[in-house]
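Spelled out from the first residue to the last, the chains are:
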Amino acid sequence: MTTVSMTLNGKKVSAPVEDRTLLVHYIREAQGLTGTHVGCDTSQCGACVVHVNGKAVKSCTMLAVQAGDADVTTVEGLANGAELHPVQAAFREHHGLQCGFCTPGMIMTAVDMIERHGASLDEKTVRHELEGNICRCTGYQNIVKAILAASDQMAAMKTAAE
Amino acid sequence: MYETSYHRAGSVADAAALMAKAEDGKFLSGGQTLIPTMKQRLAAPSDLVDLMGIAEMTGISDEGSAIKIGAATTHHEVATSPVVSEGIPGLASLAAGIGDPAVRHMGTLGGSISNNDPAADYPAALVALGATVTTSKRSLSADEFFVGMFETALEEDEIVTSVSFPKPSQSAYAKYPNPASRYAMAGVFVAKMSGGDVRVAVTGAGQDGVFRVAEMETALSSNWSAEAVAGVSVDAGDLLADIHGSAEYRANLVTVMAKRAVAAAG
Numbered sequence: 001m002t003t004v005s006m007t008l009n010g011k012k013v014s015a016p017v018e019d020r021t022l023l024v025h026y027i028r029e030a031q032g033l034t035g036t037h038v039g040c041d042t043s044q045c046g047a048c049v050v051h052v053n054g055k056a057v058k059s060c061t062m063l064a065v066q067a068g069d070a071d072v073t074t075v076e077g078l079a080n081g082a083e084l085h086p087v088q089a090a091f092r093e094h095h096g097l098q099c100g101f102c103t104p105g106m107i108m109t110a111v112d113m114i115e116r117h118g119a120s121l122d123e124k125t126v127r128h129e130l131e132g133n134i135c136r137c138t139g140y141q142n143i144v145k146a147i148l149a150a151s152d153q154m155a156a157m158k159t160a161a162e
Numbered sequence: 001m002y003e004t005s006y007h008r009a010g011s012v013a014d015a016a017a018l019m020a021k022a023e024d025g026k027f028l029s030g031g032q033t034l035i036p037t038m039k040q041r042l043a044a045p046s047d048l049v050d051l052m053g054i055a056e057m058t059g060i061s062d063e064g065s066a067i068k069i070g071a072a073t074t075h076h077e078v079a080t081s082p083v084v085s086e087g088i089p090g091l092a093s094l095a096a097g098i099g100d101p102a103v104r105h106m107g108t109l110g111g112s113i114s115n116n117d118p119a120a121d122y123p124a125a126l127v128a129l130g131a132t133v134t135t136s137k138r139s140l141s142a143d144e145f146f147v148g149m150f151e152t153a154l155e156e157d158e159i160v161t162s163v164s165f166p167k168p169s170q171s172a173y174a175k176y177p178n179p180a181s182r183y184a185m186a187g188v189f190v191a192k193m194s195g196g197d198v199r200v201a202v203t204g205a206g207q208d209g210v211f212r213v214a215e216m217e218t219a220l221s222s223n224w225s226a227e228a229v230a231g232v233s234v235d236a237g238d239l240l241a242d243i244h245g246s247a248e249y250r251a252n253l254v255t256v257m258a259k260r261a262v263a264a265a266g
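Residue numbers (the UniProt record's numbering), protein chains in the order written: chain A, 1 to 162; chain B, 1 to 266.
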């Protein structure tokens with residue numbers, strides 16, 4: 001057992017876990033945040049994507065101890081109180097989900113790609129960047145639409161702030 | 001996953017010392033192959049020695065005629081490095097096409113080549129560019145480093161610390177990814193060095209991992225164009241055959257990818 005400490009959604013947390021504990025299980029079971037999902041066993045589906053030190057990673061393909069002392073953000077850490085993050089709001093607005101199981105990973109991947117590409121994000125790039133996230137309901141159309149809408153809105157908000 | 005003990009190394013020497021104490025240890029880099037393999041209980045190391053905190057193994061530096069990349073550098077860092085994009089555009093685009101964004105944020109150059117998956121992308125770049133692999137013990141040419149499928153010249157306690165890539169005058173990589181796994185069914189890296197030397201390396205298709213195609217190299221040396229390789233085919237007898245494609249299919253893909261790579265290199 002190792003005591004793993006990290007900053008999770010802005011809050012310092014700590015829990016003793018076995019070294020073999022995956023980050024996703026640390027988040028879900030040791031910290032009780034069940035927004036991050038496990039969809040496959042093979043690192044392909046992306047339902048477990050979280051941000052570690054600002055980068056989107058698959059939390060099922062990383063040990064919790066590897067994320068020791070890191071800054072971790074899950075889907076629960078995006079909204080500002082009752083106000084949804086623009087990507088979350090766009091997924092609702094554009095119906096970017098059906099069953100919702102892949103949605104936390106889709107949203108975390110989307111936030112990361114928008115932050116990296118900024119206003120230059122286009123449909124081709126969005127589709128390429130979604131290669132690591134699988135959705136078996138929507139056919140991706142509305143997910144792509146939601147991400148592009150959120151990207152436009154976040155670019156506009158940034159311009160307005162400047 | 002079976003039980004394991006995790007250790008974070010602070011230096012290359014520290015990593016070697018931790019490994020010496022382990023009963024059946026493995027080095028952990030980005031973990032994008034090792035962790036899934038452990039999850040499936042196909043690997044069960046008693047100890048993991050994490051190399052990601054070793055400062056001397058990170059970073060990308062322009063050394064004039066070559067670019068040196070630390071083994072713990074992620075695919076994302078290679079893909080977005082202005083030094084790499086400018087000096088070896090084929091290498092930057094190769095890194096940008098590995099796996100998916102989350103994998104590229106974690107996976108590393110050193111981890112990829114040490115694993116030497118026959119369908120991994122990096123081995124093609126190292127062999128085509130004539131890269132030099134520096135380890136905790138010695139320096140090796142890429143041709144010496146890659147031995148066979150999942151096999152390298154590395155000893156149990158030896159760690160890849162950096163790779164030095166000579167800058168080519170032209171280079172490009174083209175791959176046909178498996179639609180599900182994104183691993184290369186065939187990937188071809190072509191490089192024309194400043195002295196005029198041409199090298200063509202193929203990954204994803206060979207039974208023994210990465211290999212060079214001498215006939216394509218000769219054809220491209222006298223005529224650097226996609227047409228020059230269009231008539232050159234590799235022997236299907238030495239190629240992989242599995243549920244994803246027959247050896248003959250892969251042989252055809254190699255020629256097509258070689259044409260695309262030369263066209264992309266310009």
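The hints are simulated quantities; they were obtained by calculation from the structure and are not laboratory data. Given the structure is predicted, the values throughout are model-derived calculations rather than measurements. One should not assume that every hint holds.
[As the list claims (entries may be wrong)] The calculated lysine-lysine pairs, modelled on BS3-like cross-linking and capped at a C-alpha distance of 27 angstroms, are:
| hint | chain 1 | residue 1 | chain 2 | residue 2 |
| --- | --- | --- | --- | --- |
| 1 | B | 39 | A | 55 |
| 2 | B | 137 | A | 55 |
| 3 | A | 12 | A | 124 |
| 4 | B | 21 | A | 55 |
| 5 | B | 167 | B | 137 |
[As the list claims (entries may be wrong)] Far from chain B, by Cβ distances over 10 angstroms, these chain A residues were calculated:
| hint | residue |
| --- | --- |
| 6 | 5 |
| 7 | 28 |
| 8 | 43 |
| 9 | 79 |
| 10 | 99 |
| 11 | 132 |
| 12 | 133 |
[Said to hold, decoys possible] Label pairs and their calculated CB-CB ranges:
| hint | chain 1 | residue 1 | chain 2 | residue 2 | range |
| --- | --- | --- | --- | --- | --- |
| 13 | A | 69 | B | 157 | 26 to 32 angstroms |
| 14 | B | 62 | A | 81 | 19 to 25 angstroms |
| 15 | B | 246 | A | 76 | 43 to 49 angstroms |
| 16 | B | 242 | A | 158 | 45 to 51 angstroms |
Ideal Cβ placement from N, Cα and C applies to all residues, glycine included.
Here is how each hint holds up against the structure:
1. Note on residue 39 of chain B and residue 55 of chain A: the hinted pairing holds, with a Cα-Cα distance of about 23 angstroms set against a maximum of 27 angstroms.
2. Note on residue 137 of chain B and residue 55 of chain A: the hinted pairing is violated, with a Cα-Cα distance of about 33 angstroms set against a maximum of 27 angstroms.
3. Restraint check: the Cα-Cα separation between residue 12 of chain A and residue 124 of chain A comes to about 38 angstroms, which exceeds 27 angstroms; the hinted pair is violated.
4. Simply put, residue 21 of chain B and residue 55 of chain A have alpha-carbon atoms about 33 angstroms apart, too far for the 27 angstroms limit, and the pair is violated.
5. A distance of roughly 25 angstroms separates the Cα atoms of residue 167 of chain B and residue 137 of chain B; the hinted pair therefore holds under the 27 angstroms criterion.
6. Residue-level check passed: residue 5 of chain A sits 14 angstroms from the nearest beta carbon of chain B, beyond 10 angstroms.
7. At roughly 16 angstroms, the least C-beta separation between residue 28 of chain A and chain B is larger than 10 angstroms, which holds for a residue marked as non-interface.
8. Non-interface call for residue 43 of chain A relative to chain B: violated, since the shortest CB-CB distance, roughly 5 angstroms, does not exceed 10 angstroms.
9. With a cut of 10 angstroms on Cβ distances, residue 79 of chain A stays outside the contact zone with chain B, its closest approach being about 22 angstroms.
10. A cut-off of 10 angstroms between C-beta atoms confirms that residue 99 of chain A is not in contact with chain B; the least separation is 21 angstroms.
11. Not every CB of chain B is more than 10 angstroms from the CB of residue 132 of chain A (nearest about 3 angstroms), against its label as outside the interface.
12. At roughly 8 angstroms, the least C-beta separation between residue 133 of chain A and chain B is not larger than 10 angstroms, which violates its mark as non-interface.
13. Separation of residue 69 of chain A from residue 157 of chain B is about 27 angstroms and conforms to the stated range, judged on CB atoms against 26 to 32 angstroms.
14. Under the hint 19 to 25 angstroms, the C-beta atoms of residue 62 of chain B and residue 81 of chain A, about 47 angstroms apart, miss the expected range.
15. In this structure, residue 246 of chain B and residue 76 of chain A meet the distance hint of 43 to 49 angstroms, their C-beta atoms being roughly 48 angstroms apart.
16. As the Cβ distance of residue 242 of chain B to residue 158 of chain A is approximately 48 angstroms, the hint placing it in 45 to 51 angstroms holds.
The structure fails hints 2, 3, 4, 8, 11, 12 and 14 (numbered hints given earlier, in ascending order).
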